[in-house]
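> Each chain is listed here by its residues.
There are 2 protein chains.
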Amino acid sequence: MAASTNSFLIGNTTHIPTLKPKPTSQSFLHLTKPTTVNLTGKSKPISIRCAAATTTHVPQERVFNFAAGPATLPENVLLKAQADLYNWRGSGMSVMEMSHRGKEFLSIIQKAESDLRNLLEIPSEYSVLFLQGGATTQFSALPLNLCKSDDTIDFVVTGSWGDKAVKEAKKYCNTNVIWSGKSEKYTKVPSFDELEQSMHAKYLHICANETIHGVEFKDYPVAKNGYLVADMSSNFCSKPVDVSKFGVIYGGAQKNVGPSGVTIVIIRKDLIGDARDFTPVMLDYKIHDENSSLYNTPPCFGIYMCGLVFEDLLEQGGLKEVEKKNQKKADLLYNAIEGSNGFFKCPVEKSVRSLMNVPFTLEKSELEAEFIKEAAKEKMVQLKGHRSVGGMRASIYNAMPLAGVEKLVAFMKDFQAKHG
Amino acid sequence: MAASTNSFLIGNTTHIPTLKPKPTSQSFLHLTKPTTVNLTGKSKPISIRCAAATTTHVPQERVFNFAAGPATLPENVLLKAQADLYNWRGSGMSVMEMSHRGKEFLSIIQKAESDLRNLLEIPSEYSVLFLQGGATTQFSALPLNLCKSDDTIDFVVTGSWGDKAVKEAKKYCNTNVIWSGKSEKYTKVPSFDELEQSMHAKYLHICANETIHGVEFKDYPVAKNGYLVADMSSNFCSKPVDVSKFGVIYGGAQKNVGPSGVTIVIIRKDLIGDARDFTPVMLDYKIHDENSSLYNTPPCFGIYMCGLVFEDLLEQGGLKEVEKKNQKKADLLYNAIEGSNGFFKCPVEKSVRSLMNVPFTLEKSELEAEFIKEAAKEKMVQLKGHRSVGGMRASIYNAMPLAGVEKLVAFMKDFQAKHG
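Residue numbers (the UniProt record's numbering), protein chains in the order written: chain A, 1 to 420; chain B, 1 to 420.
Honestly, I wouldn't trust all of these hints.
Each pair may be met inside one copy or between any two copies, as identical chains are not told apart.
[What the hints assert, rightly or not] Under the rule of at most 27 Å between Cα atoms (straight-line distance), these lysine-lysine pairs were calculated in the DSS-like manner:
id: 1; residue 1: 379; residue 2: 364
id: 2; residue 1: 167; residue 2: 286
id: 3; residue 1: 373; residue 2: 103
id: 4; residue 1: 167; residue 2: 148
id: 5; residue 1: 239; residue 2: 377
id: 6; residue 1: 324; residue 2: 103
I should point out that these hints are in silico values taken from the structure, not numbers from a laboratory.
This is chain A alone, in the form it adopts within the complex:
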């Protein structure tokens, strides 16, 4: 090995490549020094930069990815995962190869749970479960675990996901949609005073952030009976949440905290243990709680990725800091829409606009396809609105850098100047 002919850099922070195009004759790879498990999440990996000259084309230019989920992940998390993919911390194996009952993976899942508990300040009377199957599986699991056939669930439906939750629950118990925004094309959240909750509802279900419609609860209703259950798939860990206000919080990881294939359920322990007798074993919270999410083989690599994201969020200063950044990005984008003199429009009522998913349309709707196409040319991708809604949608989750929103806003101004 001509080791002495190499150039490299060592720093005490993880190096993040810039998003500017690089000559295709250069590439960057990153090795992270193996560290022992550090439960504080404060360790700063030492990063080595290895520059390799090649004659092949190895583009390292990243796009700004506005997809609604799976969605963009923090660059430093991806680089850590890349460095450790082949051999995690000198264990001699990839995280993907580890026995889920071995000490290495146990340290990973335990740290992930511990960091998530820190982030959301989850009280000890709540269990944290790492499951599979997405929020859609929870649409079934919730009534199966929490209701008998003659029980009633109240639903406030502010978008398509809340609506799907109702449809699935109907299989297992009574459902009462106490408010729906459907007739107003899901652009609002109701005033909580107006809600007529059922006399004996088992629980009140909301979708805290509707990914497709961009409607987000800024505060939460109180269940008159029972407790509040919230699908937080698309705003999970995007801001502080008072977990004690909820019976259950659940969400797919693939928006804010990891890759698809991991579902996180935070559930008050006293609600566990009363599943219907025909509940599939993998949908029974008791099974997963008793086995610390290891009843069968969990989605290990996905949980590992979530753990890296939790670590990153803690390093950013926790969810208060994360919320500030999200607010700043959202303000920038909504202000650009509002300041366009109607060239761009957001259909959602101002007070409940999502910090995560920003749907917008063009006054001249015939230009929307061009907008999306031109943006993609400038490396801003996945801006097309959901097929059920049309228009555009910019998902600006935790991991979307401010620079991505700034670039989008500049592009919008240019586009308006050209076509306004």
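Using the hints, position chain B against chain A.
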């Protein structure tokens, strides 16, 4: 960048690092040239070797990992995944960040299915589904989709997993265990002629390879009524299988074909579409079939990894070649056990010993803990038998190199010489 001072190698095959210890002052990273999607699976990626001298400790030594699952993965697959993790083929994003409805991920899942169909020669009247939740979820999904409450399933139970399948099916219909190896500690497969199948069984269920007990079907019974259903989690894609003999083949990916979090179901299309009305939507095969496994967000990165493994298996020459390698590895290990004059013992009847999972004990059982500990010191890990069985177990799936089995056999001989 001091590009001209770098050393690198370009070859027309993927370079796989040896398993010999490397000086910790050197490390190897691999970049794979991005290629366009190639549906033949024949493309040979160009590999670049980048040697970096560092003063930090970056061990790249791999262990031989005999875990039962999650299990060792092909090194070239891990290196490809590592090279592309941050930016898949110049797309500007990781596979983990891609919209599951975008053209990039669609090309990945479609190629994975196509390659799997090639590998197993899956007839067109079968659907291939990429699901979540492991085989355990299928223990519920199968009766929910295929049986009414008064239907009967016949079970041949050759180990713990078959037994678990019975217990779950009892929730949904009648179960008839027509043979169980439990009283003989799960060491046999029955003669098929002896089996007294139910008159009107809906299907006959087997676990084709019992991971814990190391019992493998070498041929398959024919269902007198209905069809054969097989859990192939731990020998999936380890050898050719005549899919047309089965109604359903299913398995978790985390033994032979990928990371945990992906479950593959191969099902005859005429069996789809008759699920019980209380079947959770995510357990309904019809939903997944109609939506090409994209009803909700699938475990994208896991499916991508499975696709890389399928590609690798095709490049090895397909499942006939893979079976030869597996047979050779298993012969080596079983012969070592048989040739030890009783120092090592395998409890399983010779004719049905698994090519994948090799359980064995020591005549002097008090030495087992030392055996496992000493082997780990020599970088052979996860040799402890399942907690329900004890002793040792060497899982030697597709991705376990012959060198790993050779090293284990040499170690066994040394251990015997020392303690025999």
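> Using 27 Å as the alpha-carbon threshold, which applies to residue 373 and residue 103: within, between, both, or neither?
For residue 373 and residue 103, only the inter-copy Cα distance (14 Å) is at most 27 Å; the intra-copy one is 48 Å.
> Using 27 Å as the alpha carbon limit, work out where residue 324 and residue 103 are close: within a copy, between copies, both or neither.
neither (37 Å within a copy, 34 Å between copies)
> With identical chains treated as interchangeable, where does the CA-CA distance between residue 379 and residue 364 reach 27 Å or less: within a copy, between copies, both, or neither?
within (23 Å within a copy, 65 Å between copies)
> Using 27 Å as the alpha-carbon threshold, which applies to residue 239 and residue 377: within, between, both, or neither?
Close neither inside one copy (32 Å) nor across copies (46 Å); limit 27 Å.
> With 27 Å as the alpha-carbon cut-off, assign the pair residue 167 and residue 148 to within, between, both or neither.
For residue 167 and residue 148, both the intra-copy (16 Å) and inter-copy (23 Å) Cα distances are at most 27 Å.
> With 27 Å as the alpha-carbon cut-off, assign the pair residue 167 and residue 286 to within, between, both or neither.
Classified as both; 24 Å inside a copy, 17 Å across copies.
Hint compliance for this structure: hints 5 and 6 are broken, all remaining hints hold.
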